[in-house]
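Engineer: Listed below are the residues making up each chain.
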Amino acid sequence: MQVQDLEKIFQDKIDAEIKIEPKDWMPEAYRKTNIRQISQHAHSEVVGMLPEGNWISRAPSLKRKAILIAKVQDEAGHGLYLYSAAETLGSSRDEMIADLLSGKAKYSSIFNYPTLTWADMGAIGWLVDGAAILNQVMLCRTSYGPYARAMVRICKEESFHQRQGFESLLVLSKGTTEQKAMCQDAINRWWWPSLMMFGPKDSESTNSDQSMKWKIKRKTNDELRQQFVDMAAMQVKVLGMTLPDPDLKWNEERKHYDFGEINWEEFWNVVKGNGPCNKQRLAARNKAHDDGAWVREAAMAYQAKKEKKRNAA
Amino acid sequence: MNCTIKKFYYGDIPEDNSGSSNQPASNVSANSWPLWEVFIRSKQGLDHKHVGSLHAADATMAIENARDVYTRRQEGVSIWVVESKHITASNPDEAGELYEPAADKIYRHPTFYDLPDEVGHM
Ligand SMILES: [Fe+2]
Ligand SMILES: [Fe+2]
Chain A
1 MQVQDLEKIF QDKIDAEIKI EPKDWMPEAY RKTNIRQISQ HAHSEVVGML PEGNWISRAP
61 SLKRKAILIA KVQDEAGHGL YLYSAAETLG SSRDEMIADL LSGKAKYSSI FNYPTLTWAD
121 MGAIGWLVDG AAILNQVMLC RTSYGPYARA MVRICKEESF HQRQGFESLL VLSKGTTEQK
181 AMCQDAINRW WWPSLMMFGP KDSESTNSDQ SMKWKIKRKT NDELRQQFVD MAAMQVKVLG
241 MTLPDPDLKW NEERKHYDFG EINWEEFWNV VKGNGPCNKQ RLAARNKAHD DGAWVREAAM
301 AYQAKKEKKR NAA
Chain B
1 MNCTIKKFYY GDIPEDNSGS SNQPASNVSA NSWPLWEVFI RSKQGLDHKH VGSLHAADAT
61 MAIENARDVY TRRQEGVSIW VVESKHITAS NPDEAGELYE PAADKIYRHP TFYDLPDEVG
121 HM
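Chains A and B, in that order, give the protein sequences.
Here the working numbering is used: the first residue of the first sequence is 1, the next is one more, and so on.
Here the working numbering is used: the first residue of the second sequence is 1, the next is one more, and so on.
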């Protein structure tokens, strides 16, 4: 069969909402895009454990500590589901990890911001997980089967992440003057980076229509961002706090909130590796990987020894 | 087909604009843990269902890891693991030959047979 025919069959399947599975024929660019997107998503889950891991030992109560550990453990699981999905496309786990550790592969820039106070744990759950959820809910319907299934599993676990974050901020918002100030400060610092999570404006992300045509994604950056702003603008009122944007205003005509311009220079700067914590995050991942090397080797050696014993018996 | 996709999102930052170091991956270890497929019985009386995969040095570790990643919220009461290399899958290109012969055999379904109402539920 000609490549053009295969491409047509492939696109027809996508148009008919039939999922693409690992052994099906697919265009090379579709495979590559999925590997890149899924592995970067996996890296984001893994690196995303670091800013929150920072507060596990300093959580204000045993209850909050247990919650935070459970959340961080979920993120590790999310990384695993996603690496597994990428592996079905022929990419090896070792390769993906090596690309993360060398700095070749990227992860979501949001995790290159520092977590300065306890209130940041609440703000991350509410805003960062909240933004991620919108993207992930959309991806539950992505065209590549294993990616979509991983997303369904992840979405089931994510809603607890956002709720625990919001609830934690709610407690602070009813606390002392200092606690209220801490809550507002965390919201101020995480708001804009959260908006940046959705990526550049549609007018600037060229060729994104191909990924829409292949139904890898189903909503544009701006659509998702607007959805997020509308949601957060309502919820912040419940906290009795404000979002740090003087231009934020309900637009009766559009039935959406208008909001101010994002600092794109900052966005690109962090993507390029110059954010406040880029180096620290990579160093932490590399250290964990290096320190764990002997454990991985020992496990293999133990397995080989057992195998030998079994064969001898 | 030569098209680059730029979605720039959580898990999709294109290579060109990202300031990647472009270092080739160097530390790929030769003796990495093998891949295992995980099957879980969600409750007594139901079949085991494929839920995903993971790496582990041996079967015992695969079960322990599967417990940690796939049953954190009581999603299962029993786990099967099998090394991925032992799975043989049918070829999707042969789906036509394999499954089409069943398509025109409607007489294999109960609805093919018209019976009088007096027979009752059958
Ligand atoms: Fe996650
Ligand atoms: Fe999360």
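Keep in mind that the hints were calculated from the coordinates and are not lab data.
The beta carbon of each residue, even a glycine, is placed where N, CA and C say it ideally should be.
Any given hint might turn out to be false.
[Claimed, not checked] Result set (SDA-like, lysine to any residue): computed pairs, CA atoms no more than 25 Å apart in a straight line:
#1 K306/A / L98/B
#2 K156/A / R73/B
#3 K23/A / L98/B
#4 K32/A / P34/B
#5 K306/A / E94/B
#6 K19/A / W33/B
#7 K13/A / K85/B
#8 K213/A / V137/A
#9 K19/A / L35/B
#10 K85/B / A299/A
#11 K287/A / R149/A
#12 K305/A / R73/B
#13 K43/B / K306/A
#14 K156/A / E204/A
#15 K43/B / K23/A
#16 K32/A / K305/A
#17 K156/A / W33/B
#18 K237/A / T177/A
#19 K306/A / T111/B
#20 K23/A / R108/B
[As the list claims (entries may be wrong)] Computed footprint of chain B on chain A, listed as stretches where at least three residues anywhere in the stretch have a Cβ under 8 Å from a Cβ of chain B:
#21 5-18
#22 48-55
Engineer: So if I understand the rule, the pair passes when the alpha-carbon distance is 25 Å or less; does K19/A with L35/B pass?
Structural biologist: Distance of about 24 Å is within 25 Å: holds.
Engineer: Do the alpha carbons of K32/A and P34/B lie within 25 Å of each other, as the hint requires?
Structural biologist: 23 Å, holds
Engineer: Are K306/A and L98/B close enough, with their CA atoms no more than 25 Å apart?
Structural biologist: Violated, at roughly 41 Å.
Engineer: Does R108/B sit within 25 Å of K23/A, going by the straight-line distance between their CA atoms?
Structural biologist: 30 Å, violated
Engineer: For K156/A and E204/A, compute the direct alpha-carbon distance and say whether it is at most 25 Å.
Structural biologist: Violated - the C-alpha atoms of E204/A and K156/A are around 32 Å apart, more than 25 Å.
Engineer: Under the criterion that the straight-line Cα-Cα distance not exceed 25 Å, is the pair K213/A, V137/A satisfied?
Structural biologist: 18 Å, holds
Engineer: Measure nothing beyond the straight line between the CA atoms of K13/A and K85/B; if it is 25 Å or shorter, mark the hint as holding.
Structural biologist: 28 Å, violated
Engineer: Would the hint linking K306/A and T111/B be met if the CA-CA limit is 25 Å?
Structural biologist: Cα-Cα ~56 Å, so violated.
Engineer: Between the alpha carbons of K237/A and T177/A, is the straight-line distance 25 Å or under?
Structural biologist: 18 Å, holds
Engineer: Taking 25 Å as the top limit, are the C-alpha atoms of K306/A and E94/B close enough?
Structural biologist: 40 Å, violated
Engineer: Would the hint linking K85/B and A299/A be met if the CA-CA limit is 25 Å?
Structural biologist: Measuring from Cα to Cα gives roughly 20 Å; hence the hint holds.
Engineer: Below or equal to 25 Å on CA atoms is what counts here, so check K43/B against K306/A.
Structural biologist: Not OK: K43/B and K306/A at ~32 Å, beyond 25 Å, violated.
In terms of the numbered hints stated before, the structure departs from hints 1, 5, 6, 7, 11, 12, 13, 14, 15, 16, 17, 19, 20, 21 and 22, listed from lowest to highest.
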